[in-house]
Structures are given as C-alpha cells and as structure tokens.
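Engineer: Sequence:
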Amino acid sequence: MPELPEVETTAALVRPHLEGRVITGARASWLRSLGGPAVAEFEASVVGSRIAEVTRRAKWVVLHLERAGRPAGSILCHLRMTGRLVVDAQPGHADREGAFERVSLGLRGPAGGTATLRFLDVRKFGRFRFVEDHLEALADLGPEPLGEEFTEEWLIRALKARKRVLKPLLLDQTFLAGLGNIYVDESLFQAGLHPERSAHQVPKDRARALHGAIQSTLRQAIEREGSSFDAFYRTPEGQPGSYQHLFRVYGREGKPCPTCGRPIKRLVVAQRGTHICTRCQPAPRAPGKRR
DNA sequence: CCTTAGGCCTGCGCGC
DNA sequence: TGCGCGCAGGCCTAAG
Numbered sequence: 002m003p004e005l006p007e008v009e010t011t012a013a014l015v016r017p018h019l020e021g022r023v024i025t026g027a028r029a030s031w032l033r034s035l036g037g038p039a040v041a042e043f044e045a046s047v048v049g050s051r052i053a054e055v056t057r058r059a060k061w062v063v064l065h066l067e068r069a070g071r072p073a074g075s076i077l078c079h080l081r082m083t084g085r086l087v088v089d090a091q092p093g094h095a096d097r098e099g100a101f102e103r104v105s106l107g108l109r110g111p112a113g114g115t116a117t118l119r120f121l122d123v124r125k126f127g128r129f130r131f132v133e134d135h136l137e138a139l140a141d142l143g144p145e146p147l148g149e150e151f152t153e154e155w156l157i158r159a160l161k162a163r164k165r166v167l168k169p170l171l172l173d174q175t176f177l178a179g180l181g182n183i184y185v186d187e188s189l190f191q192a193g194l195h196p197e198r199s200a201h202q203v204p205k206d207r208a209r210a211l212h213g214a215i216q217s218t219l220r221q222a223i224e225r226e227g228s229s230f231d232a233f234y235r236t237p238e239g240q241p242g243s244y245q246h247l248f249r250v251y252g253r254e255g256k257p258c259p260t261c262g263r264p265i266k267r268l269v270v271a272q273r274g275t276h277i278c279t280r281c282q283p284a285p286r287a288p289g290k291r292r
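Residue numbers (this note's numbering): 2 to 292.
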C-alpha cells in the first residue's frame with residue numbers, strides 16, 4: 002500500500018493512536034529497516050520522546066518527536082512495497098502478522114495506558130528511521146501533487162524543461178513527490194497521454210489535462226482510503242481501501258477500455274509494468290519518422 | 001544530464 | 001501435488 006493515497010490513509014489511521022504518547026521502548030528484528038544505526042543508537046534517539054504530531058510528506062509518514070516540549074527529531078517511515086504500520090492496544094501478541102514485524106515501539110499514553118506501534122514489512126524494503134531534521138532529510142523531494150506549489154503553470158513549465166520520457170519522470174520523486182506506478186498509469190490514461198511521450202513535447206492543453214488527472218485521481222483514491230489488492234495488505238484498521246475497483250487501466254490487461262472498449266495493453270516502460278489504451282493514449286511518433 | 005540493469009526481499013499465482 | 005518462473009504498489013546504486 003505504498004503510494005500517496007495509501008500513505009495518507011496510513012497516517013490518518015495511526016494518528017489518533019500516536020499523538021500525545023510517549024515512546025517507552027524500541028525493538029528491531031531486522032536491522033536494515035532502521036536504515037543505518039544500531040538498535041541501541043536508535044533506541045537512545047527515540048525513547049523518552051513524545052510523539053507530538055503525525056504527518057505525511059510524499060510517501061513518507063513523519064512522526065514528529067518532542068522532549069520537554071521542544072522538537073527532538075523525527076521518525077521517518079517509508080512503506081516501500083509491503084510495509085504497514087499498525088497500533089496494538091495490547092502489546093506483543095504473536096499472530097500471523099507477528100512474523101513480519103521488523104520494528105516496534107512501546108508507547109505510554111497521557112492517562113497511563115500502553116500500546117505498541119509495529120512496523121510490519123514482508124519484503125523488508127521499507128524503512129523506519131530516526132532523523133534529527135526531517136526537512137533536511139526530505140529536501141530533495143519535488144512538490145506535493147495536492148499542494149499549492151503544484152499548479153497547471155508549474156507543470157507546463159516543468160514538463161517543457163525536461164527531456165525525459167513522461168512516465169519515469171512522473172515516477173521520479175524529486176520531480177513530483179507521491180505518485181507511483183498505479184496512479185501514474187491511471188493519470189496518464191485520464192489525460193490521454195502515452196507514457197513514452199517526451200515530457201517537453203507535451204502540449205499545454207495536455208499538460209493541463211494531466212494536472213487535473215493527477216489531482217482528481219489522488220483525491221478520489223484518498224476518499225476511498227487507497228487501493229488494496231489482497232487480503233493481507235490492508236489499512237492499519239484492518240480494512241481494505243476500495244479504489245482498486247475504480248482502476249481504469251492498471252491491472253486490466255485485455256479488459257475493455259472504459260472509454261472506447263478496446264482491450265487494455267500491457268507494456269514495460271522503464272522496467273515497470275505499464276497499462277494503456279492504445280487508442281485513447283496514442284503513441285508518440287517515432288523519431289525521424291514522418292506522417 | 002539521461003537511461004538501463006541489478007540489487008534489495010518475500011510470497012503468490014500460473015503453467016506444466 | 002510440486003516446482004520453476006515471472007510477477008508485484010519502490011527506490012538506490014553503478015555503469016554506459
């Protein structure tokens with residue numbers, strides 16, 4: 002559950018269980034998840050801090066920490082492919098999911114109640130790390146697609162300035178932060194753009210369409226709490242998101258295009274499975290080839 | 001600057 | 001049923 006809408010959903014769902022609680026302990030069973038430091042070092046950085054606020058930036062969940070009312074660094078969590086955050090009211094019950102726990106934090110509430118934040122991650126690509134300065138750590142990210150900076154004019158100029166293939170550019174988090182494979186495919190379809198077009202050749206009206214497509218796709222996905230494919234990967238509350246039912250092209254190879262009825266094609270662009278309607282998203286003219 | 005291949009990991013579904 | 005293969009929502013690195 003790893004693109005912007007799924008991360009937004011995750012942050013919203015853990016927020017009420019985390020804000021205001023104090024970290025009383027830390028454990029890690031997969032060291033790479035911590036992204037560098039040893040467990041003891043990580044523990045020393047976070048234990049005793051209070052989680053003041055839970056926010057999202059791009060595909061990162063940010064736990065803002067405080068000590069004695071002053072900022073004391075952040076925990077940055079990236080779910081990558083299979084990461085999940087769950088909060089248990091009762092610490093440490095060993096169920097099926099327990100096997101995939103990589104990091105956990107013991108928590109104490111203002112009223113004294115305890116809980117456990119668990120970072121679960123089947124494939125171990127995700128990260129759960131402490132940083133002193135989250136702004137510095139995330140400085141390379143591009144604008145938020147639902148933020149103020151991301152305007153039609155910004156996108157028109159930004160596309161014009163880049164000589165890159167459209168899909169990998171949209172997946173590049175330093176260009177625009179938060180899109181992944183699913184929402185890029187869905188947005189390009191909605192905008193009528195072929196994923197292999199050159200960014201600088203996208204006409205203004207298509208760029209405007211893309212801007213609208215990205216925002217509406219993400220907003221609708223957030224409304225439906227993201228996309229969930231199988232029974233295992235779910236929101237922290239155990240409920241699947243439902244946006245997958247609204248996919249127009251992603252994962253729909255061979256099924257009819259919702260607009261024209263032609264079968265959806267699957268191709269590989271920049272090593273990523275890519276889904277398009279060849280009629281609604283016409284291919285770019287091959288270089289050197291006329292009419 | 002850009003692009004591609006490989007690596008990181010595990011589990012699932014498919015065809016044989 | 002079992003086995004090998006290809007696939008997966010991400011992203012970093014090295015090399016061309």
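Mixed in with the good hints there might be a few duds.
[Said to hold, decoys possible] Using C-beta positions, here's what the derived DEER-type ranges look like:
id, residue 1, residue 2, range
1, Q174, K266, 24 to 32 Å
2, E137, A45, 17 to 25 Å
3, Q202, Q240, 39 to 47 Å
4, R124, Q245, 13 to 21 Å
5, R263, G49, 44 to 52 Å
6, R263, G26, 55 to 63 Å
7, P38, K164, 26 to 34 Å
8, V123, P72, 31 to 39 Å
9, A271, E42, 33 to 41 Å
10, P285, P72, 21 to 29 Å
11, T25, A100, 21 to 29 Å
12, R68, A90, 35 to 43 Å
No wet-lab data here; the hints were simulated from the structure.
Because the structure is a prediction, the values reported are computed rather than measured.
Just so you know, even glycine gets a beta-carbon here, dropped at the ideal spot from N, CA and C.
Engineer: Which numbered hints turn out to be false for this structure?
Structural biologist: Structure breaks hints 5, 7, 10 and 12.
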